[in-house]
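Enquirer: The opening position of the sequence shown corresponds to residue 8 in the numbering used here, with each subsequent residue numbered one higher.
Rather than coming from a laboratory, the hints here were simulated on the basis of the structure. Watch out, some of these pointers could steer you wrong.
Stated by the list, open to error - Only pairs whose alpha carbons sit at most 27 Å apart, straight line, appear in this in silico DSS-like list of lysine-lysine: (1) 123 with 162; (2) 246 with 155; (3) 218 with 162; (4) 244 with 155; (5) 162 with 244; (6) 136 with 213; (7) 161 with 218; (8) 244 with 161; (9) 246 with 162; (10) 332 with 356; (11) 213 with 244; (12) 218 with 136; (13) 218 with 155; (14) 155 with 213; (15) 155 with 136; (16) 244 with 136; (17) 246 with 213; (18) 162 with 136; (19) 136 with 161; (20) 218 with 244; (21) 246 with 161; (22) 123 with 161; (23) 213 with 162; (24) 136 with 123; (25) 161 with 213.
Keep in mind that this is a model prediction, so the values were computed, not measured.
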Amino acid sequence: MDNVPSRQRLGLALSGGGVRAAVFHLGVLRYLAQQGRLEDIAQISTVSGGSLIVGAIFSHAGMRWPSSEQYLNEIYPVLRARLTSGDLFSLSALGWKGIVRENLRILFRRAEILPKLLASGWGIQGSMKDLPDSPEWHINTTCYETGKNWRFSKKMMGDWQFGRHFSPDVPIANAIAASAAVPYAIGVLRLDLPEHGWWRTDPATKEPLQKVSPLMRRVRLWDGGAYENMGLEAIYKPKEGLQNCDFLICSDASGPLGRPKPFSFSGMLQGKLNSPRLFDIASDQIRALRSRMLMGSIARGEIRGILVRMGTSMRQFGMASEMFKARLTDEQGAMSLNYPTNLTRISEKDFDLLSRHGFEVCEATMTTYAAP
8 MDNVPSRQRL
18 GLALSGGGVR
28 AAVFHLGVLR
38 YLAQQGRLED
48 IAQISTVSGG
58 SLIVGAIFSH
68 AGMRWPSSEQ
78 YLNEIYPVLR
88 ARLTSGDLFS
98 LSALGWKGIV
108 RENLRILFRR
118 AEILPKLLAS
128 GWGIQGSMKD
138 LPDSPEWHIN
148 TTCYETGKNW
158 RFSKKMMGDW
168 QFGRHFSPDV
178 PIANAIAASA
188 AVPYAIGVLR
198 LDLPEHGWWR
208 TDPATKEPLQ
218 KVSPLMRRVR
228 LWDGGAYENM
238 GLEAIYKPKE
248 GLQNCDFLIC
258 SDASGPLGRP
268 KPFSFSGMLQ
278 GKLNSPRLFD
288 IASDQIRALR
298 SRMLMGSIAR
308 GEIRGILVRM
318 GTSMRQFGMA
328 SEMFKARLTD
338 EQGAMSLNYP
348 TNLTRISEKD
358 FDLLSRHGFE
368 VCEATMTTYA
378 AP
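Can you make the complete structure from the sequences, with help from the hints?
Expert: Structure below.
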């Protein structure tokens, strides 16, 4: 990390992937915190599991981005305890009283339950307008009506086709739930929209150009991974480069495309996020294309950054044998990558494995590829 000057503004893109991604990202952040670099983060863009963990960080830090010291000494231990103590989304998380209270929502409106569980289980409170100005946090979702990347931030919400609304008063838990609303497994989150305050904006600068009337008063929002699971678009564009940051760290904890699995309603109620096969295939292809574009931009010197990819073997970094022995094995890296995509409790052993994997891959990638 010494190769990245401290005065540079860091951009952080955190992928989706349920609890697996959340824990991997915590490990990446732990490495950055040990280098004293959380203070340099200017932009954060998240999807699904990335949105869940950043929301938890902000909430436990009093709606501020933590210092590196605070993250290591306070935030990380608290979130480790939280993730290893209970489910986030399952019948167990609801309890019998919650099952009675939510009733038919469990069958037809599951995305409306998730914000309540985020508030009660993870302590996620407040509105998007309560977030700090820096770092700027972009929560990525997919608008069912337009098919575009609908984003939430303190400054605005919307997409380029629908229009944008400035200073949205939307609960953070709702925005996160939309970002994690896996199609069919959790389903769409319905968001009621204000009647006034919508603008057509400049595609490049996002500056307001003309007032517009919303096409509808309610939109349905899906998991941001339906559009792009790496969370790149808000802070990196292939033709324009990085957006309001100088160095990009993309933490990708997307799972591999495995064999088809039949949909299980009982599994869904247990917190297993078994998305439709077509969704998985499309997401895998989009991820491959985005990765190639990102790595091409880095290789050509158009931007500065790294891709921290889950499942990466330490062997590819050319370490000395003694250093390699101190790292996780290839088998342990593969175990991390193949941890299931869910929103249930993770054991302390698995938490420490996935977090350490994130730490080590970030450290090795940064040391090897972040040229002066």
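Enquirer: Give a verdict on every hint.
Expert: Results for each hint:
Taking the CA atoms of residue 123 and residue 162, the gap is about 24 Å. The hint holds against a cut of 27 Å. For the hint linking residue 246 to residue 155, the alpha-carbon distance of about 19 Å falls within 27 Å, and the restraint holds. This hinted pair checks out: residue 218 and residue 162 have alpha carbons roughly 16 Å apart, not beyond 27 Å. For the hint linking residue 244 to residue 155, the alpha-carbon distance of about 15 Å falls within 27 Å, and the restraint holds.
A threshold of 27 Å between alpha carbons decides the hint, and for residue 162 with residue 244 the separation of about 19 Å falls inside it, so the pair holds. In summary, the hint linking residue 136 to residue 213 is supported, as the alpha carbons are separated by about 18 Å, within the 27 Å threshold. For the suggested pair residue 161 and residue 218, the alpha carbons sit about 20 Å apart, so the restraint of at most 27 Å is met. For the given pair, residue 244 sits about 21 Å from residue 161 by alpha-carbon distance, which is consistent with the 27 Å threshold.
Distance check on the hinted pair: residue 246 and residue 162 sit about 24 Å apart at the alpha-carbon level, within 27 Å; holds. For the proposed pair residue 332 and residue 356, the alpha carbon gap of about 20 Å is at most 27 Å, so the pair holds. Proximity of residue 213 to residue 244 is assessed by CA-CA distance (about 14 Å); at most 27 Å being required, the pair is judged to hold. Restraint check: the Cα-Cα separation between residue 218 and residue 136 comes to about 21 Å, which is no more than 27 Å; the hinted pair holds.
Restraint check for residue 218 and residue 155: satisfied, since their Cα atoms lie roughly 20 Å apart, inside the 27 Å limit. Under the criterion of a C-alpha separation no larger than 27 Å, the hint pairing residue 155 with residue 213 is consistent with the structure, at around 15 Å. Straight-line distance between C-alpha atoms of residue 155 and residue 136 comes to about 23 Å, which keeps the hinted pair within the 27 Å bound. For a cut-off of 27 Å, the pair hint linking residue 244 to residue 136 stands: about 26 Å separates their Cα positions.
The suggested pairing of residue 246 with residue 213 holds, with an alpha-carbon distance near 16 Å, which does not exceed 27 Å. Restraint check for residue 162 and residue 136: satisfied, since their Cα atoms lie roughly 8 Å apart, inside the 27 Å limit. Using a Cα cut-off of 27 Å, the hinted pair residue 136 and residue 161 holds, with the two alpha carbons roughly 5 Å apart. For the given pair, residue 218 sits about 26 Å from residue 244 by alpha-carbon distance, which is consistent with the 27 Å threshold.
Pair hint residue 246 plus residue 161 holds up; C-alpha atoms about 25 Å apart against a cutoff of 27 Å. The hinted pair formed by residue 123 and residue 161 meets the criterion: a straight-line CA distance of about 21 Å does not exceed 27 Å. Between residue 213 and residue 162 the alpha-carbon distance is near 10 Å, which keeps this suggested pair within the 27 Å criterion. Between the alpha carbons of residue 136 and residue 123 the distance comes to roughly 19 Å, so the proposed pair stays at or under 27 Å and holds.
Only pairs whose Cα atoms come within 27 Å are accepted, and residue 161 paired with residue 213 is accepted, the gap being roughly 14 Å.
Hint violations for this structure: none, all hints satisfied.
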